[in-house]
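J.: Spelled out from the first residue to the last, the chains are:
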Amino acid sequence: MNILFYIAMLTYYMINNALFNAPNVIARNYLHHGLTAIPIGLALAGINAWLLLSVYNRFPKWTMIEINRHLCGKFFGGAISASYAALMIIIGFFMFRGSLEVIIEFLMPDTPVWFLAILLITIPLFGLLHNDSTILYLVAFFTAIAFILMLIIFWLGFKEIDPVMLKGVAVHGWKPPTVQGISASLFVCGGYVGLAIWNPFFARTSLKATLLLFVSVGLVAMSCGTIIPLAVWGPWAIRNLNLIWVMTAETLSLDLFVMERGLFLIVPLLLITGYMGVLLYIYKGYRMLDLLLNKPKATRIIIGCVLAGYVVLALSVNELKVIIRYREQYMVVWAVLQNIVGILWYALAKRKERGVSAP
Amino acid sequence: MRLSKAFAFGLACLLMLQGCRSDYKDIDRRQFVVTMGLDKAEGEGRFRMTLRGAIPESQNQGSSSAQNLFESYETTAASIGQAVQQVTQQFFLEPDYSHLKGVIIGEKLARADSILKYVDFFIRRRDFQDLAMVAVTDNAEEIIKLQQKGERTAGDNLFMKFGEGVNTEYTPSIELQQIYKYSLTPGITFYCPILRVQGNKITSGATALFDRDNRMILRLNGEETKYFNLLRRGLDRGFIVLGPKKQAGLGIRQGSARFRLRKKQGGLLCEVFVKLEAAIEDSDQSGYTPADLKKMAETKLNADIARLLLKMQANGVDPLFIGLKYWAKNPGSRLDRDWLDELYPAMEFRVRSEVKITRSGTLRWNNNGDRRTK
Numbered sequence: 001m002n003i004l005f006y007i008a009m010l011t012y013y014m015i016n017n018a019l020f021n022a023p024n025v026i027a028r029n030y031l032h033h034g035l036t037a038i039p040i041g042l043a044l045a046g047i048n049a050w051l052l053l054s055v056y057n058r059f060p061k062w063t064m065i066e067i068n069r070h071l072c073g074k075f076f077g078g079a080i081s082a083s084y085a086a087l088m089i090i091i092g093f094f095m096f097r098g099s100l101e102v103i104i105e106f107l108m109p110d111t112p113v114w115f116l117a118i119l120l121i122t123i124p125l126f127g128l129l130h131n132d133s134t135i136l137y138l139v140a141f142f143t144a145i146a147f148i149l150m151l152i153i154f155w156l157g158f159k160e161i162d163p164v165m166l167k168g169v170a171v172h173g174w175k176p177p178t179v180q181g182i183s184a185s186l187f188v189c190g191g192y193v194g195l196a197i198w199n200p201f202f203a204r205t206s207l208k209a210t211l212l213l214f215v216s217v218g219l220v221a222m223s224c225g226t227i228i229p230l231a232v233w234g235p236w237a238i239r240n241l242n243l244i245w246v247m248t249a250e251t252l253s254l255d256l257f258v259m260e261r262g263l264f265l266i267v268p269l270l271l272i273t274g275y276m277g278v279l280l281y282i283y284k285g286y287r288m289l290d291l292l293l294n295k296p297k298a299t300r301i302i303i304g305c306v307l308a309g310y311v312v313l314a315l316s317v318n319e320l321k322v323i324i325r326y327r328e329q330y331m332v333v334w335a336v337l338q339n340i341v342g343i344l345w346y347a348l349a350k351r352k353e354r355g356v357s358a359p
Numbered sequence: 001m002r003l004s005k006a007f008a009f010g011l012a013c014l015l016m017l018q019g020c021r022s023d024y025k026d027i028d029r030r031q032f033v034v035t036m037g038l039d040k041a042e043g044e045g046r047f048r049m050t051l052r053g054a055i056p057e058s059q060n061q062g063s064s065s066a067q068n069l070f071e072s073y074e075t076t077a078a079s080i081g082q083a084v085q086q087v088t089q090q091f092f093l094e095p096d097y098s099h100l101k102g103v104i105i106g107e108k109l110a111r112a113d114s115i116l117k118y119v120d121f122f123i124r125r126r127d128f129q130d131l132a133m134v135a136v137t138d139n140a141e142e143i144i145k146l147q148q149k150g151e152r153t154a155g156d157n158l159f160m161k162f163g164e165g166v167n168t169e170y171t172p173s174i175e176l177q178q179i180y181k182y183s184l185t186p187g188i189t190f191y192c193p194i195l196r197v198q199g200n201k202i203t204s205g206a207t208a209l210f211d212r213d214n215r216m217i218l219r220l221n222g223e224e225t226k227y228f229n230l231l232r233r234g235l236d237r238g239f240i241v242l243g244p245k246k247q248a249g250l251g252i253r254q255g256s257a258r259f260r261l262r263k264k265q266g267g268l269l270c271e272v273f274v275k276l277e278a279a280i281e282d283s284d285q286s287g288y289t290p291a292d293l294k295k296m297a298e299t300k301l302n303a304d305i306a307r308l309l310l311k312m313q314a315n316g317v318d319p320l321f322i323g324l325k326y327w328a329k330n331p332g333s334r335l336d337r338d339w340l341d342e343l344y345p346a347m348e349f350r351v352r353s354e355v356k357i358t359r360s361g362t363l364r365w366n367n368n369g370d371r372r373t374k
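Going down the list, the protein sequences come from chains A and B.
Position 132 (the first sequence) corresponds to 132 in the UniProt record's numbering; numbering is contiguous.
Position 300 (the second sequence) corresponds to 300 in the UniProt record's numbering; numbering is contiguous.
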């Protein structure tokens with residue numbers, strides 16, 4: 001498949017997490033931990049991408065499941081693959097609940113939550129009826145729209161920046177970071193996890209293109225996504241905000257046809273990235289389970305139960321603060337696993353290279 | 001494929017169902033509240049809320065006069081949430097607050113209560129715009145109910161005063177979201193423009209300054225407001241009266257101020273550099289050379305601005321965010337409430353103005369003195 005689809009996949013992750021994930025961790029804790037998590041996370045992502053891509057490119061026809069089986073053995077490799085599938089499904093829930101929150105708060109406050117939850121769950125269900133290339137086309141199409149919206153939002157955000165706040169944020173931003181901050185920053189660039197199931201589509205993946213994208217889109221999106229809200233609201237007031245970028249967009253005045261509030265631009269962006277995130281994560285989880293179990297019926301039953309679980313959990317978790325806190329912890333677990341797997345794969349692949357010849 | 005079709009049909013059914021429980025109301029069943037006034041009422045913590053609800057043009061057909069532009073609603077309560085619910089009884093259409101563009105607070109209420117509790121409500125509720133302008137007045141109800149000649153849409157006589165329509169040096173505009181963030185930022189305080197009704201017109205020309213507890217504490221007059229705006233965000237129009245000897249003055253083309261904070265023995269020194277580009281507009285000054293006028297303007301600016309800075313310092317308010325500026329430039333510094341207690345009161349100010357007379361309009365200026373003698 002064309003490299004543009006790979007770029008779109010990475011860019012989607014960057015937009016989604018730089019706007020709706022990283023600011024919740026890094027900007028909210030700015031006063032104590034500054035912005036150093038951004039370059040550290042980016043550097044870690046670069047190293048991790050280098051380790052993983054070198055292994056993926058050695059086995060261009062294999063997915064993560066097969067590589068795990070080959071490098072780590074049936075049981076240990078299976079356990080790693082199962083952990084990845086579980087992580088996909090868990091982050092799918094966070095995306096699902098986050099998107100639901102925006103709809104409940106800003107679009108349909110009087111519509112019953114159970115109804116919205118069922119309505120929203122139909123989107124990934126539709127996704128499950130299609131194949132890999134359809135999903136990748138969909139990601140590329142919506143990423144293009146999201147990218148344009150993100151640029152407009154950033155441009156409007158720059159105009160609202162308080163220069164004194166911006167200067168202060170830059171001067172006081174160099175403090176020891178937290179693990180959560182580094183994980184959130186690493187997560188922004190984590191789009192290459194899609195290779196777990198789509199490696200045969202993209203191999204041999206270009207490491208240069210990946211790193212270039214980290215620096216050009218990832219760093220810019222993450223810096224703007226974190227610094228603009230900080231410079232608009234200030235490091236003190238930002239701690240009280242629930243949806244940081246939605247509230248930042250609320251401070252942007254527009255004169256664009258009938259639109260006069262920046263909110264009307266951020267909500268479509270949030271819905272596009274949110275919905276796509278739910279679809280993408282559930283689809284990836286489903287495909288990994290499918291490859292792992294090799295029993296389509298059982299996989300469908302498991303995913304059906306997972307989606308039902310999403311609806312039930314979405315109704316029982318009402319506080320956004322709780323979801324944000326769990327997502328922070330999730331990102332730490334993800335970052336640890338991602339780095340361990342990166343090193344392990346690289347070391348095992350090197351060892352195998354010396355002994356067993358690659359297929 | 002069959003499964004896909006069945007699924008699409010199921011989804012379509014679900015989509016149709018959602019209309020049953022939604023309380024979505026069309027635009028013709030809504031009344032848009034455009035401005036809100038809050039005045040102090042009798043009783044501890046109670047206030048009177050006055051709303052101006054715009055009447056849509058479609059419901060105003062056949063009326064050529066401007067009488068039916070809006071309707072006002074009033075209620076008294078001790079909680080803003082309660083007041084918003086209470087006033088709904090008086091509407092026959094659904095009140096919609098998404099177009100609320102101005103919140104006017106009575107001076108008595110602003111002096112008695114922290115206005116953060118009201119601002120917090122507007123920011124917290126998703127249906128209120130965080131961009132709504134905030135002002136203080138002696139009687140909010142009077143402003144909300146005032147119908148001014150030439151008012152095209154309900155409330156534009158009020159919210160057009162903040163730069164969207166007229167642009168003056170006497171109105172320091174501030175939005176709800178700005179008040180929220182400034183009130184939560186330690187060590188700084190905020191401001192609001194003061195409006196009043198004078199001869200059936202809304203006039204601006206004073207500023208309310210709030211203390212660290214978000215209560216109004218100080219009032220700046222028109223002249224002070226002008227200098228306050230110059231120091232806060234610069235000016236692109238205005239006028240300096242060169243008095244007291246000469247009541248004529250110079251037109252401001254461009255004005256800006258820069259703050260430099262330095263440590264010195266016993267505290268901080270705040271140097272304020274004011275740069276002004278001015279134009280000669282009054283022929284009354286023809287007895288002076290531009291160099292004389294420049295000197296007079298600089299002396300006047302230095303004295304007036306220093307007086308204003310000392311007045312704010314003496315009242316323990318920092319609406320020019322000097323504390324924030326100091327924090328922004330010094331990596332080791334912390335911004336907290338100590339700024340207003342320790343560093344700010346001991347700060348020394350030094351004002352240095354530089355006036356450049358750049359234009360004399362479409363007429364020449366006689367540098368040698370009175371033109372009439374030529």
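Worth double-checking, as some hints may not be accurate.
Listed next, with one range per pair, are the computed distances between beta-carbon atoms [as the list claims (entries may be wrong)]: (1) A:Leu125 - B:Gln86: 43 to 49 Å; (2) B:Glu44 - A:Asp110: 44 to 50 Å; (3) B:Gly163 - A:Leu4: 52 to 58 Å; (4) B:Phe121 - A:Tyr326: 27 to 33 Å; (5) B:Glu71 - A:Lys321: 39 to 45 Å.
Since the hints were derived computationally from the structure, they do not count as laboratory data.
Even glycine gets a Cβ: it sits at the ideal position worked out from N, Cα and C.
J.: Failing hints, ascending?
T.: Numbers 2 and 3 - these are the hints that the structure violates, sorted from lowest upward.
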